[in-house]
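Line order of the protein sequences matches chains A and B. For what it's worth, this note's numbering labels the leading residue of the first sequence as 1, then goes sequentially. For what it's worth, this note's numbering labels the leading residue of the second sequence as 1, then goes sequentially.
Worth double-checking, as some hints may not be accurate.
Coverage of chain B stretches by chain A, computed from C-beta distances (three or more under 8 angstroms per stretch; other residues unrestricted) [what the hints assert, rightly or not]: (1) 8-16; (2) 67-79; (3) 223-229.
Result set (SDA-like, lysine to any residue): computed pairs, CA atoms no more than 20 angstroms apart in a straight line [what the hints assert, rightly or not]: (4) A:Lys49 to B:Asp223; (5) A:Lys49 to A:Gly9; (6) A:Lys49 to B:Gly162; (7) A:Lys25 to A:Ala168; (8) A:Lys25 to A:Leu171; (9) A:Lys119 to B:Ile18; (10) A:Lys212 to A:Gly189; (11) A:Lys49 to B:Arg83; (12) A:Lys49 to B:Arg227; (13) A:Lys119 to A:Ala168; (14) A:Lys49 to B:Arg228; (15) A:Lys119 to B:Leu70; (16) A:Lys212 to A:Asp274; (17) A:Lys49 to B:Pro17; (18) A:Lys49 to B:Arg160; (19) A:Lys119 to B:Arg83; (20) A:Lys119 to B:Pro17; (21) A:Lys49 to B:Phe161; (22) A:Lys49 to B:Arg82; (23) A:Lys212 to A:Thr266; (24) A:Lys49 to B:Ile18; (25) A:Lys119 to B:Arg160; (26) A:Lys49 to B:Arg218; (27) A:Lys25 to A:Lys212; (28) A:Lys119 to B:Ala229; (29) A:Lys25 to A:Gly189; (30) A:Lys119 to A:Gly153; (31) A:Lys212 to A:Arg251; (32) A:Lys49 to B:Ala229; (33) A:Lys25 to A:Arg175; (34) A:Lys49 to B:Gln219; (35) A:Lys25 to A:Ile55; (36) A:Lys212 to A:Ala188; (37) A:Lys49 to B:Val220; (38) A:Lys25 to A:Glu210.
Keep in mind that the hints were calculated from the coordinates and are not lab data. Built from N, CA and C at the ideal position, the CB exists for glycine as well.
Now for the letters of each chain:
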Amino acid sequence: MRNLTVRYGSVVAVDDLSLELPTGKIYGLLGRNGSGKTSLLSVLASFRKATAGSITIDGVDPFENAELMRQTYFGRDSVDATDGDRVARVLDLARWLRPSWDDDYAGRLLETFEIPVRKRVSSLSRGQKSSLGVVLGLASRAPLTILDEVYLGMDAVARTTFYRELLADYLAQPRTIILSTHLIEEVAGLFERVIIIDHGRLVLHEEADELKARGVAVTGPAAAVDEFVAGRTVLGEQSLGGVRQATLYGRLDAADAARAQAAGLTLGPVGIQDLFVHLTSGPRVLEAQR
Amino acid sequence: MNDWQRVTAALWRIYRPIGLWFWGVITLCLITIDLLVNGFAEQQASLWLLVAGSAAKYWPAVVGVLLVALQLRSFLANGVTRRHFLAGSAVFGLLVAVAFALLVPIGHGIEYALLSLDGPVAANYPAFSATVALAEFGHALPTELAYLVTGAAISAGYYRFGAWGGLFLMLPGLLPMAVAEGLFGLDDHGTVVTRLLPYGLALLASLAITALVGLLFRQVMRDVPIRRATG
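Only chain A is shown next, with the shape it has when bound in the complex (with noise of 0.2 angstroms):
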């Protein structure tokens, strides 16, 4: 993507957004509500065409571009299908559509969701028509996979089937899955790249144990916490007693992590949700990299 740019009248979604995706991977795409990853993921899917700037697969516009479109599948909030078709019928459309369908890899999906093939779409619960999005995403076998918000509705047993399947399916069928999500501690073990955008602009996009690494959890008694951590910028803190962790934002170098040692104090990961808050609240330095 280059300079990419999204608008609807005055309102500017994407905002000359320049980003490359190797292929082959799975990317977490972050983002607040309205900052412009479904725009995004839409222009990527040829699902709209960007006001201006470029995009390319493989060196080749994807918009209306029949090899590349066949080869992606968009899932959105809301399961692109007929309200009033039966599942059955949404599932026969991908097959006689779609040639890389993989029809009972889907069979086995619906088993797994417990959606009923016999009902109508519109019928489905929530979370089942998300289920159902889920079930033509993954069975479609498409080489560009985009999930965006797909698992609304879904139940915690749903959603962690979702991820199993997900995680199974990619390991025996590579390809690059882009999952954008607001259930970042959930996903987050999946994602080997995070991108996180607001407003419409790039924040970040890096590998994720470099993201994590960006932070830092530092527990030990309150006090030597307090002393610590004096200077530096504090994501959050919890107390427990006699005992805090306080979250950090930034690396520390190999001084600081002996000074914290010797302090009796102990060094942890910190989640990606946390970071997330921490680079898309308030004002802050866009840092677009690579």
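Put chain B on the given structure of chain A with help from the hints.
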């Protein structure tokens, strides 16, 4: 099969059972009414031409609306380009129009044969012959194409530009239907009539306006953003 052929085939599979039910019910009802009416009085008009003839043009209009409002999203979500969807839909629409235009004279022929079982039909009833059948087909086909394009164009206007833009685009969208209705029609007994122009010119004018609005429809849809479903 290539991409647009896959679209045509899928649409055919989707609409075939609905069309069969529709025509089955219409045929059963009209045959029953024909036989009942004919038992009491001489039938002065062709119910088939008046009722089924009208239904045959409204159905393509509804198909035109649904192609945009319902099918576009589902097909693109399954990796089909707008270009191939429009091409496949155009072929499917043409097949529907031809099939329905054929059903008009075929049904008339069957009705005529049924009514003739009790002796000669009434003087005002439009007698059936090969020439009459050809004229009925020749009137029905451009009318059905016009209704199909009108349905699709109006739906496209609302889909792309919302309520006000759609309202504005209704004017050109309605043109094919208005022209076809103005030029082709039926008299009170069901006999086909051509108004204002000789048939050849009327056919040319109707097809030209339909094609023109069809091109406008294509322009509106060629890069249309795909709206999300509600709920």
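Verification of the supplied hints:
For the stretch 8-16 of chain B, the stated coverage by chain A holds: 4 residues have a C-beta nearer than 8 angstroms to a C-beta of that chain, and at least 3 were required. Chain A is given as covering the stretch 67-79 of chain B, and this holds because 9 residues of the stretch bring a CB closer than 8 angstroms to a CB of that chain, at least three being needed. Residues of the stretch 223-229 of chain B lying with their CB closer than 8 angstroms to a CB of chain A number 5, which satisfies the three-residue condition for coverage. Proposed proximity of Lys49 of chain A and Asp223 of chain B is supported: the alpha carbons are some 7 angstroms apart, at most 20 angstroms.
With a C-alpha separation of about 14 angstroms, the suggested pairing of Lys49 of chain A with Gly9 of chain A holds against the 20 angstroms cut-off. Proximity of Lys49 of chain A to Gly162 of chain B is assessed by CA-CA distance (about 18 angstroms); at most 20 angstroms being required, the pair is judged to hold. With a C-alpha separation of about 14 angstroms, the suggested pairing of Lys25 of chain A with Ala168 of chain A holds against the 20 angstroms cut-off. Proximity of Lys25 of chain A to Leu171 of chain A is assessed by CA-CA distance (about 10 angstroms); at most 20 angstroms being required, the pair is judged to hold.
Among the hinted pairs, Lys119 of chain A with Ile18 of chain B is consistent with the structure: their alpha-carbon atoms are about 18 angstroms apart, no more than 20 angstroms. With a C-alpha separation of about 11 angstroms, the suggested pairing of Lys212 of chain A with Gly189 of chain A holds against the 20 angstroms cut-off. Distance check on the hinted pair: Lys49 of chain A and Arg83 of chain B sit about 14 angstroms apart at the alpha-carbon level, within 20 angstroms; holds. A distance of roughly 13 angstroms separates the Cα atoms of Lys49 of chain A and Arg227 of chain B; the hinted pair therefore holds under the 20 angstroms criterion.
Taking the CA atoms of Lys119 of chain A and Ala168 of chain A, the gap is about 28 angstroms. The hint is violated against a cut of 20 angstroms. Restraint check for Lys49 of chain A and Arg228 of chain B: satisfied, since their Cα atoms lie roughly 15 angstroms apart, inside the 20 angstroms limit. Restraint check for Lys119 of chain A and Leu70 of chain B: satisfied, since their Cα atoms lie roughly 18 angstroms apart, inside the 20 angstroms limit. Of the pairs offered as hints, the one joining Lys212 of chain A and Asp274 of chain A holds, with about 10 angstroms between alpha carbons and a cut-off of 20 angstroms not exceeded.
As the CA atoms of Lys49 of chain A and Pro17 of chain B are separated by approximately 36 angstroms, the hinted pair breaks the 20 angstroms bound. Using a Cα cut-off of 20 angstroms, the hinted pair Lys49 of chain A and Arg160 of chain B holds, with the two alpha carbons roughly 13 angstroms apart. Taking the CA atoms of Lys119 of chain A and Arg83 of chain B, the gap is near 32 angstroms; set against the 20 angstroms cutoff, the hint is violated. Between Lys119 of chain A and Pro17 of chain B, the direct Cα distance comes to roughly 18 angstroms. Compliance with the 20 angstroms bound is thereby established for this hinted pair.
Among the hinted pairs, Lys49 of chain A with Phe161 of chain B is consistent with the structure: their alpha-carbon atoms are about 15 angstroms apart, no more than 20 angstroms. Distance check on the hinted pair: Lys49 of chain A and Arg82 of chain B sit about 12 angstroms apart at the alpha-carbon level, within 20 angstroms; holds. Restraint check for Lys212 of chain A and Thr266 of chain A: satisfied, since their Cα atoms lie roughly 16 angstroms apart, inside the 20 angstroms limit. For the hint linking Lys49 of chain A to Ile18 of chain B, the alpha-carbon distance of about 35 angstroms lies beyond 20 angstroms, and the restraint is violated.
The straight-line distance between the Cα atoms of Lys119 of chain A and Arg160 of chain B is roughly 31 angstroms, outside the 20 angstroms bound, and the hint therefore fails. With a C-alpha separation of about 16 angstroms, the suggested pair Lys49 of chain A and Arg218 of chain B falls inside the 20 angstroms cut-off, and the hint holds. Distance restraint check for Lys25 of chain A and Lys212 of chain A: the Cα-Cα separation of roughly 18 angstroms lies within the 20 angstroms cut-off, and the hinted pair is therefore satisfied. This hinted pair checks out: Lys119 of chain A and Ala229 of chain B have alpha carbons roughly 18 angstroms apart, not beyond 20 angstroms.
In summary, the hint linking Lys25 of chain A to Gly189 of chain A is supported, as the alpha carbons are separated by about 13 angstroms, within the 20 angstroms threshold. The hinted pair formed by Lys119 of chain A and Gly153 of chain A meets the criterion: a straight-line CA distance of about 18 angstroms does not exceed 20 angstroms. With a CA separation close to 10 angstroms, the supplied pair Lys212 of chain A and Arg251 of chain A stays within the 20 angstroms bound. In summary, the hint linking Lys49 of chain A to Ala229 of chain B is supported, as the alpha carbons are separated by about 19 angstroms, within the 20 angstroms threshold.
For the hint pairing Lys25 of chain A with Arg175 of chain A, the CA-to-CA distance comes to about 7 angstroms; that is within 20 angstroms, so the pair holds. A distance of roughly 14 angstroms separates the Cα atoms of Lys49 of chain A and Gln219 of chain B; the hinted pair therefore holds under the 20 angstroms criterion. A threshold of 20 angstroms between alpha carbons decides the hint, and for Lys25 of chain A with Ile55 of chain A the separation of about 18 angstroms falls inside it, so the pair holds. With a C-alpha separation of about 10 angstroms, the suggested pair Lys212 of chain A and Ala188 of chain A falls inside the 20 angstroms cut-off, and the hint holds.
Between Lys49 of chain A and Val220 of chain B, the direct Cα distance comes to roughly 13 angstroms. Compliance with the 20 angstroms bound is thereby established for this hinted pair. Proposed proximity of Lys25 of chain A and Glu210 of chain A is supported: the alpha carbons are some 15 angstroms apart, at most 20 angstroms.
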